[in-house]
Structures are given as C-alpha cells and as structure tokens.
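Asks: Here is how the chains run, residue by residue.
2 protein chains.
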Amino acid sequence: MTKKSHRSGCPINLSLEILGDKWTLVVIRDIALGHRRHFRELLTKSDEGIAANMLSDRLKTLMDHGLITRQPDPSHKQKVIYSLTEKGIELVPVLAQMAVWGRKHLPVTKEFDAMAKTLEEGGPALWARLMKNLRATHLSGR
Amino acid sequence: MTKKSHRSGCPINLSLEILGDKWTLVVIRDIALGHRRHFRELLTKSDEGIAANMLSDRLKTLMDHGLITRQPDPSHKQKVIYSLTEKGIELVPVLAQMAVWGRKHLPVTKEFDAMAKTLEEGGPALWARLMKNLRATHLSGR
Numbered sequence: 216m217t218k219k220s221h222r223s224g225c226p227i228n229l230s231l232e233i234l235g236d237k238w239t240l241v242v243i244r245d246i247a248l249g250h251r252r253h254f255r256e257l258l259t260k261s262d263e264g265i266a267a268n269m270l271s272d273r274l275k276t277l278m279d280h281g282l283i284t285r286q287p288d289p290s291h292k293q294k295v296i297y298s299l300t301e302k303g304i305e306l307v308p309v310l311a312q313m314a315v316w317g318r319k320h321l322p323v324t325k326e327f328d329a330m331a332k333t334l335e336e337g338g339p340a341l342w343a344r345l346m347k348n349l350r351a352t353h354l355s356g357r
Numbered sequence: 216m217t218k219k220s221h222r223s224g225c226p227i228n229l230s231l232e233i234l235g236d237k238w239t240l241v242v243i244r245d246i247a248l249g250h251r252r253h254f255r256e257l258l259t260k261s262d263e264g265i266a267a268n269m270l271s272d273r274l275k276t277l278m279d280h281g282l283i284t285r286q287p288d289p290s291h292k293q294k295v296i297y298s299l300t301e302k303g304i305e306l307v308p309v310l311a312q313m314a315v316w317g318r319k320h321l322p323v324t325k326e327f328d329a330m331a332k333t334l335e336e337g338g339p340a341l342w343a344r345l346m347k348n349l350r351a352t353h354l355s356g357r
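Quick mapping for you: the protein sequence lines, in order, are chains A and B.
Take the position in the first sequence, starting the count at 1, then add 215; the result is the number in my numbering.
Take the position in the second sequence, starting the count at 1, then add 215; the result is the number in my numbering.
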C-alpha cells in the first residue's frame, strides 16, 4: 500500500476513512454474521440489493485495507472464497453496537429483530465467542 | 418526517443509512466527546478541517433524524447551541468501539492516542458514565 495522507490521526476518523460509507460495513456484516463467502452469495442473497459493481468495488477496498483476503476455494477449485483477517474479525463489536443502537432507535423489522436481540442480550461475551468462531474458520483458510 | 423506504429492516443497515458517510460520526464525536456545541467551534476546531457547507448539511441531517436539537444558547442569546438527544447520546458506545478498533489497527497519532486509550481501558462502565454526564448537560438544555 502506498502511504496516504489522513484527515487526522484520530482513531474514529481513521476508521471512518475506511468504513464511512453506506456499503462497506454491510459487506462485512454479510461475511461475518451472514457467513457468505462467495461473490455470488454476497450478491444474490443481499438484503439491501447491492449492485455487482458496488460489491466488487467494496471487496477490493476491503482487501486493499487488509480486512479480507481472497483465495481459491479449496472445495470448489473454480471459485474464489473471501475470508476475514483478524483486523476484519475485530469489527464484530462495532457491528454489534450498531445493531444494539439500531434496534433501539430505528424501524427494525421482525425478521431482523431476532438476530439483533441475540447480539444485544449476548453482549460482549457473545461477541467474543463469535470472533473466536470466525478465527477458527476464516484464519485457517477454511 | 415523511415515511421513507429503507434498503432493509436490518438495524446495521438502518444505522448506516443515517451514519454511513465520512462526516456524520465525526460531528457526533466532536459534540459528544469534544464538547463542542456551537457551529463556529465545530468548524474552526475541526481536526479534519470540515467545510462549512458540509458541517451545515450534516447538522441538518442529524436534526432531521432526531440525533441533535438546536436552541438559542441561554448564555449567549444571539448564538445557537446544539444538544444531543438520547438517541444521539447512545451513539457513544458505537464511537468507543470504533476508537478501540482504530487504535489497534490504524495509524493513530500520539495526540489522539491518550483519549482512545482512556475509552478502551475504561470500557463499557466508562462509556455509561460519559453518557450519564451527557444526559445531565444536553437533555436539560444546559
């Protein structure tokens, strides 16, 4: 990666320089919490109807920032599988806090409320378990 | 507010529909953690050099979504003061988790590291105290 200038050295700002848009965390959510690892799955199962060029662009940005990696899928040699890195996995608490906030203050629909309720009631202990499970699959190339 | 269609009813998506850009959470950060309550302060003390039209636009969006309110400043009648609502105050844990993640994985500078370290080491108990303090000032119109 080439050295880029940042707007400031504040960790919240630096996070937003990478994550601050309407799609990046949705893609991370689908990989981390939705267990979608292939391009086609991320595209066709998208609840928000992400467009192929947007998905492609976001996956590239996530790779450039070291949040995900891309390998040939060991079980389907012709396919590519996306994995979270440790840096990507550690976004789970950010997603979870956002889910807690959204559940309280925004018009969450019934179909999504169960998952959000689990994340909220499970709290940091559950988020840590989710990260542990993600490490076991994503970091070992499974 | 008029009824708008959402991309999905997922709380993470609904949060990103409001917060998913490079500036909104920076403005919330400056009000909540930087104690900046006036337009001029938010503009001139901005570490990221936000432009006046961008700041103005984001403050309007935050008001439209009920995250902040705007009143005449009781101590300077000619000025306007911005206050967080309960909905805005409850973004503190989202900001804090982002700070924790950014501190670990991004090139945070020394000047910002102390604040981030405090947020990280204080954890949810500190975030709750910060929210309590914000409620005491912002929700009472002080």
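It should be emphasised that the hints constitute simulated quantities derived from the structure, not laboratory data.
Note that the coordinates shown come from a computational prediction; the quantities given were computed from them, not determined experimentally.
C-beta: ideal position from N, C-alpha, C; glycine also.
Misleading hints may appear alongside valid ones.
As the list claims (entries may be wrong) - Incomplete in silico selection of chain A near chain B, CB under 7 Å:
no. : residue
1   : L240
2   : K302
3   : L321
4   : E336
5   : L354
Asks: None of the hints should be skipped; say for each whether it holds.
Replies: Status of the hints after comparison with the structure:
1. L240: OK, holds: L240/A within 7 Å of chain B, min 6 Å.
2. K302: holds, 5 Å
3. L321: holds, 4 Å
4. E336: violated, 14 Å
5. L354: violated, 15 Å
Hint check: violations occur at hints 4 and 5; the rest are consistent with the structure.
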